[in-house]
Amino acid sequence: MLGAYIAFYVVAFFNMSYWLSIVIAAIILGVLGLIIYRLIFYPMRNGPHANLFVAAIALLMILESAALLWFGGETKWLILPYSNDVIRFGGMSLGVQRLIIILATLMVMLGLELFIKKTTVGAALEATAQNREGAMLCGIKVTQIAAMAFAIGTALAGVAGVLIAPAVMILPSMGLGPLLVAFSAVIVGGMGSIRGAVVGAFILALVESLTSGYISATYSLVFVFAAMILMLLIRPSGLFGKEL
Amino acid sequence: MKTIEQLRSSPWTAWLALLLIALIVPLVLGGYLITILTIVCIYAIACIGINLLFGYTGLLSVGHSAFLGIGAYAFGLIAIRFGLGFWPSFCASIIISGIAGFLIGIPALRLKGHYFVLVTLAFAVIINIIMMAWIELTGGAAGLAGAPRPDPIPLPWGDVIRFQSPLSMYYFILFFLVIIFVVSYRLINSLVGKTFIAIRDDENLTQSLGINTMSNKLVSFTISAIIAGIAGALFASYNTVISPDSASFMKGVEIVAYLIIGGAGTLAGPLVGPLIMIAIPEMLQMVPEIRQLLFGIILVLFIIFLPKGIAGEVSFLTSRIKSQPRNV
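Protein chains in written order, with our numbering: chain A, 1 to 244; chain B, 1001 to 1328.
Treat each hint with caution, since some may be false.
[Unchecked claim] No more than 25 Å apart at the CA atoms, straight line, and that leaves these computed lysine to aspartate or glutamate pairs for DMTMM-like:
# : chain 1 : residue 1 : chain 2 : residue 2
1 : B       : Lys1308   : B       : Glu1203
2 : A       : Lys118    : A       : Glu133
3 : A       : Lys117    : A       : Glu133
4 : B       : Lys1112   : A       : Glu126
5 : B       : Lys1112   : B       : Asp1202
6 : B       : Lys1112   : A       : Glu133
It should be emphasised that the hints constitute simulated quantities derived from the structure, not laboratory data.
Could you build all of it, start to finish, from the sequences and the hints given here?
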């Protein structure tokens, strides 16, 4: 949501390029993520998991109502010069913005995978996820790693917001639906697997578009969540996750 | 003086005094306050249900708005479509929300931690979409009008309680709040309640003692769903109009938030939380956006600094004061 707003203001108000807004959104939201982590999640890092969840929802309430007060409740549209361009390829037609989204997703996926598998910091991140105490004993600064992971997460959410901005209407309440679907995608794909998250997102998106095309558009979200619940019942750890 | 000391040490005295205040205050002050207190009572009932599940069994559900909605719609639909009276519809709605809780509890409780919370959330969203989209049954976004008020109760001396005035509805709902409060108190102090607490504190250890934790969790989940369903049916009867908005997933989050602010796992928490978090913003007549902003901030501050909630911190402080030797 904030990413989409940043894109809107960067492009429509300051007349800067859309590509620049991706970088700006990533930086602003990465920093915001660090601040949020330090203020809210760091003090309660040893508390029960349920509290983290409630705090996250409280944060959603805060950001959403702040955006409503700040940006106003009316819908905003981000129109780019190539918004209506379509590439025809064989029998398919594909909007340019959608192509950009697909390419950007692949780039982010590859980049994250390389970052985690090939760099020392990435290895530290994985170690922290696997065994917090063990990572601590190895001299990894666990809280710094957690803060960094949080900042990467918020920065990527910002990038996603910028990417989706030209394709949808921009509203303060636009974040919740994608958030729930993103959670479901991570569950279907398996927590702790980047490939899993992408594959899970693809599966759920297929479920959503196929059911809205062939059954009913209003119920498509029902089918998405039903697919998630089904996945949890059959294999709680998800497609690519390790056995629980 | 001894009797006063005994009275003070009896836990029931404080509760009875509170009940007396709840009975008298609306009579004296009246007006808009009755409406606010009625809403507080409905949320307090739902909070008691969540308290059993989250505060005592340790299972967080942010999706109990679904059971509020199921209770409300089951009550309204049975009363309107089948033309049944208040009490048959009310009993049926309780049974239906219990069955719904049981059926969703079976798959959901196989999961732990975040996964369980997410399934309850997804369930609430699904139910809300069905309420919006199944227009033939639920009336869609416009909602369902004409849910009945309770049947008039004839009194022995010839008068009749008709449940048309806000005050009579307030007493009716307060009556249910008291019953559910006493039932939950008895439950928590029973063997079942002790088992819930054991599961909350250490599920693996509880299981190793030969206790079937799954069936106990299912009992806790079903009871909390039934209580949420009662709150939903009471709301439907009070409001007479039921809309999908009254069971949006944010309502489920709000119930949990009231409970955490009031104090999860305490008896007073489900009463204190809604009272403070509903009554104060209503009296200050806050703009909804500002209310939501402050609500979020207060919730975060409570989770960080006062995770036991108001009731939890107060009882912690009083026990500290009592345990300290007095230097007289």
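Here's how the hints hold up against the structure:
1. Of the supplied pair hints, the one linking B/Lys1308 and B/Glu1203 holds, its CA atoms being roughly 21 Å apart against a limit of 25 Å.
2. Between A/Lys118 and A/Glu133 the CA atoms are separated by roughly 23 Å; this keeps the pair inside 25 Å, and the hint holds.
3. In summary, the hint linking A/Lys117 to A/Glu133 is supported, as the alpha carbons are separated by about 21 Å, within the 25 Å threshold.
4. In summary, the hint linking B/Lys1112 to A/Glu126 is supported, as the alpha carbons are separated by about 22 Å, within the 25 Å threshold.
5. At most 25 Å may separate the alpha-carbon atoms for a hinted pair to count; B/Lys1112 and B/Asp1202 meet this at roughly 13 Å.
6. With a C-alpha separation of about 21 Å, the suggested pairing of B/Lys1112 with A/Glu133 holds against the 25 Å cut-off.
Taken one by one, the earlier hints all hold for this structure without exception.
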